[in-house]
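Turn these sequences into a full structure, and let the hints guide you.
What follows is each chain in one-letter form.
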Amino acid sequence: MADREIREVPPAAEDGERADEPEQEGVQGALRRRLTETTTWTFLILLGIVAGFAALRFEQFATVFNFRNIAADASGLMIIAVGMTFVIITSGIDLSVGSVLVFAGVIAAKVMEGLGGDGWGAIGAGLVAGLLAGLAWGVVNGVLVTKARVPPLIVTLGTLGMALGSALLITGGIDVRGVPLELTTTIGIGRLWGVPYVVIIAAVVTAIGAVTLSMTRFGRYTYAIGSNAEAARRAGIDVDRHLIKVYGLSGFLAGMAGMVSLARFATTTIGGHSTDNLAAIAAVVLGGTSLFGGIGTVLGTVVGVFIPAVLQNGFVILGVQPFWQQVAVGAILIVAVYIDQLKRRAQERGGRR
Amino acid sequence: MSEPLLEARGVTKSFGGVRALRGVDFAVHPGEVAALVGDNGAGKSTLVKILSGTLAPDGGEIWFEGRQVTVPNPVAARELGIETVYQDLALAPELDPAANLFLGRELVRPGPLGRLGFLDKAGMRRRTNKAFADLGIGLQDTGAMVANLSGGQRQSVAVSRAATWVSKVVFMDEPTAALGVVQSARVRDLIRRVRESGIGVVLISHNMPEVMELADRIEVLRLGVRVARFRAADTTMEQVIAAMTGALGNEDVA
Amino acid sequence: MRRRWLLGLVAIALAATACGGDDQGGGGGGTQQQYKLTLIQGVKGDQFYVTMECGAQEAAQAAGATLDVQAPDEFDASLQTPVVNAVVAQKPDAILVAPTDTKAMIPPLTQAKDAGIKLIFVDTTTENGAELAESEIASDNLEGGREAARTLAKLTGEKGSVLVINVKPGISTTDARAKGFEEELKNYPNMKSLGVEYSNDKPEVAAAKATAALAAHPDMVGIFGTNLFSAEGAATGMRSAGAAEKVKIVGFDAGPKQVEDLEQGIVQALIAQKPADIGKAGVEQAIHALKGEPVEKKIGTGFVVVTKENMNNPDVQPFLYKSNC
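For the record, the sequence lines run as chains B, S and X.
In this text, residue positions in the first sequence follow the working numbering: the first is 209, and each later residue adds one.
In this text, residue positions in the second sequence follow the working numbering: the first is -3, and each later residue adds one.
In this text, residue positions in the third sequence follow the working numbering: the first is 413, and each later residue adds one.
It is worth saying that the hints were derived from the structure and are not from the lab.
Keep in mind the model is a prediction, meaning the values are calculated, not measured.
Wrong hints could be hidden among the right ones.
[Said to hold, decoys possible] DSS-like cross-link-like pairs, simulated, lysine-lysine; straight-line CA separation at most 27 Å:
no., chain 1, residue 1, chain 2, residue 2
1, X, Lys669, X, Lys566
2, X, Lys571, X, Lys686
3, X, Lys591, X, Lys566
4, X, Lys709, X, Lys591
5, X, Lys669, X, Lys709
6, X, Lys658, X, Lys720
7, B, Lys318, X, Lys720
8, B, Lys453, S, Lys117
9, X, Lys571, B, Lys318
10, X, Lys686, X, Lys669
11, X, Lys614, B, Lys318
12, X, Lys591, X, Lys525
[What the hints assert, rightly or not] Among chain B residues calculated to face chain X with C-beta under 8 Å, some are:
no., residue
13, Thr271
14, Asn277
15, Ile382
16, Gly386
Even for Gly, the Cβ is constructed at its ideal location relative to N, Cα and C.
Have a look at this one:
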């Protein structure tokens, strides 16, 4: 091995001479990197899809009415996917989100029903109860993953069953429908300056998530643990405590999505969330987050949420048979991950200077 | 000779049925390079992990600057002023060099933003660039992920991380293993510079010529105990190797 | 190079799906106005809705209108809402829809009405169906439930305890059937109701609840399944419990599987609705509404009681449900 190193002509950068230039190279390098990131590519695919549908059915697809509905319909998934982004970046996974969403909705609805009346007191208490329920399941996930050392796939598969089962036990399998009307008419379908409240909530959650992930210590620890947990540990980071926080965040956001769903539909929609977990994972991966951890962004997840949402909407407008929609979304997921793999392999080969 | 900066006395450690350290002693003094050598399985890496807080010993004592201490975790080691360059580098591949340099010690923005944990990325990058410049390491793209750097560049990042933060003792486990000629020379320069500033350097290496060139003293481990101590100036490579294989032992040489 | 390929591929894929979709012909160019109708079913893959689609397609062709069909993956308001929203964006002239919840579907359907689209509710309805829709077309489910009670009573010699397996509360049709059944059952003093269990429109849940009820009440002699999946599941449950002889089952809806069960004697009677008639009436009323002609606000379609004995009669046969048109 030593022989090879000697024959290797050290590139200019390795001489002391270029040591004072790294700043300038950094800017160019950063720009090049931005342009080739997976997020950029999936964003272009999303633009392509939007442009395509707009070209085919302009007056029907490209309207404020339609985009507003797409955003409102995607708001619950967006909230869940933000939490899932953090979890997957730590190279973990959370399959329980759909069930936790339902469970939180059930708790909130029961509290509101129990406290009676239509006042904001009952509504507020119910919402808080729902959020806490989501947080609780998240913490359970985190503790089992870190202290009991059970792999996240197994832990969250277990809590998926337990949360949904508990919800079914509490309700006897029947959707709770005694949700105060005010919640629905204001947050559920109400708008602020033309933007639905649920979209505003999802946007705020997304913004906070994006800033936290990219600009704070919490975000950096998330990336570090996903990249090399042992290195993080040796650097003095309390990995266990951080993971509990991350899974707790995922559960909390699943609870929030449950509150949004409760507000929109005024019923707990127990049967409608069995594939939310896979949809969230697909959105996160489509957005450029690696299942192996250490890489990903919330902005990418936004793109990943909207690709299937726009596809479903566009296909219905075009009159395509419903089953084709699932085929298309699955195919695009594979293509997006394939592109990502190609890029990574190219980087590895070309990056060694 | 001055008092040892960091000392291990009779440290033991077992993994299941395997006794990796069977009462090992070791010492490093300020301003010296102490080489820790031994064949595979002698217990060098285990001893390093214990002294740097990654592993807990089963028995024995650790002394630091004349007081007995425990090093229960890596943060405790850092607080004592001990830094480590691990054999596996302990870098986060998907983070950039600045992030790795400041891992666990991130700079935050001043004021209320800092209390919320907002990072001072520009500040960290500036300090990192300066550290690299001081050490003569040139990276074309300082924003690149560490995973996209060559093996040699990665090692440079790990070494400069330890060198930047160390104040008392630095452990270097095979620091030039993946480096080319030019970079190895630079790391050796760095080691000498660190020693000059009064820091104790513990060098673990299989590269005997390098050991003979750099070290002031050489301590030999074999099967979990120290079997020989040499002063590099008074020794030959053959004698050291002989001690490693058990043909020679001289525990009484200071 | 590769990247341009990929974008090109995406563009081609979109173009292909555009060709595969129904061509919504642009206005004019003919003596008759071609109306655009869309049918939104309650759930994909349910033969009741497939038969409705067949009846609707026939009527649409006869009237020279186009009919598009969409449906959610599960019978749930949270999944039907995005479908409704997308269909509304498509701006059909009228929507025939089976709302999956009497309350939760009101907001998206109100949006549809506000967008100027005529609504026809087929099968199920919402709490304010009379205001929201031009016409509500369904079987008289209350009467259907009563008919089921009468049929089950006859089969069990008017003695013993019986169970109702319903879908979930909040569905106008099945709730009415369960109600009618319980009402009529009171006329039989020697029969006892074991209450109502919910299958959530899943056959495996229906099967589990049926076998559990049998285990708890060994004297159970009959089950009424208020919709296709509930009846199918109950039958499966009784068959695997080996109680197919002992427990008489009356189901609602006559899909191919139920008819098979009927033939094999696992189910004794089916109350078949006339979904094709519902679909046909839906299209007809939609066209009336669009032409500004008078519309029938409420239409009740009838039932046929199907048994092993009469299932091949020419006046019963056409009412068995189809799996495809």
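*Under the criterion that the straight-line Cα-Cα distance not exceed 27 Å, is the pair X:Lys669, X:Lys566 satisfied?*
holds (23 Å)
_X:Lys669 paired with X:Lys709 [C-alpha distance capped at 27 Å]_ = Roughly 34 Å between the alpha carbons, so the hint for X:Lys669 and X:Lys709 is violated.
*Verify the proposed pairing of X:Lys571 with X:Lys686, using a straight-line Cα cut of 27 Å.*
violated (30 Å)
_Check the hint pairing X:Lys591 with X:Lys566 against an upper bound of 27 Å on the C-alpha distance._
holds (19 Å)
*Mind checking the CB of B:Ile382 against every CB in chain X and telling me if the closest is under 8 Å?*
Constraint on B:Ile382 satisfied, holds at 6 Å.
_Hint check: X:Lys571 vs B:Lys318, CA-CA at most 27 Å. Holds or violated?_
violated (39 Å)
*Under the criterion that the straight-line Cα-Cα distance not exceed 27 Å, is the pair X:Lys709, X:Lys591 satisfied?*
Measuring from Cα to Cα gives roughly 23 Å; hence the hint holds.
*Hint check: 8 Å Cβ-Cβ cutoff, B:Thr271 to chain X*: Hint on B:Thr271: holds, closest Cβ of chain X at ~7 Å, below 8 Å.
*asked:* For X:Lys658 and X:Lys720, compute the direct alpha-carbon distance and say whether it is at most 27 Å.
replied: holds (17 Å)
*Does the structure keep X:Lys591 and X:Lys525 at a Cα separation of 27 Å or less?*
violated (31 Å)
*Regarding the pair X:Lys686 and X:Lys669, is the alpha-carbon distance no greater than 27 Å?*
holds (17 Å)
*asked:* Does the closest beta carbon of chain X sit nearer than 8 Å to the beta carbon of B:Gly386?
replied: violated (11 Å)
Of the numbered hints listed earlier, those contradicted by the structure are 2, 5, 7, 9, 12, 16.
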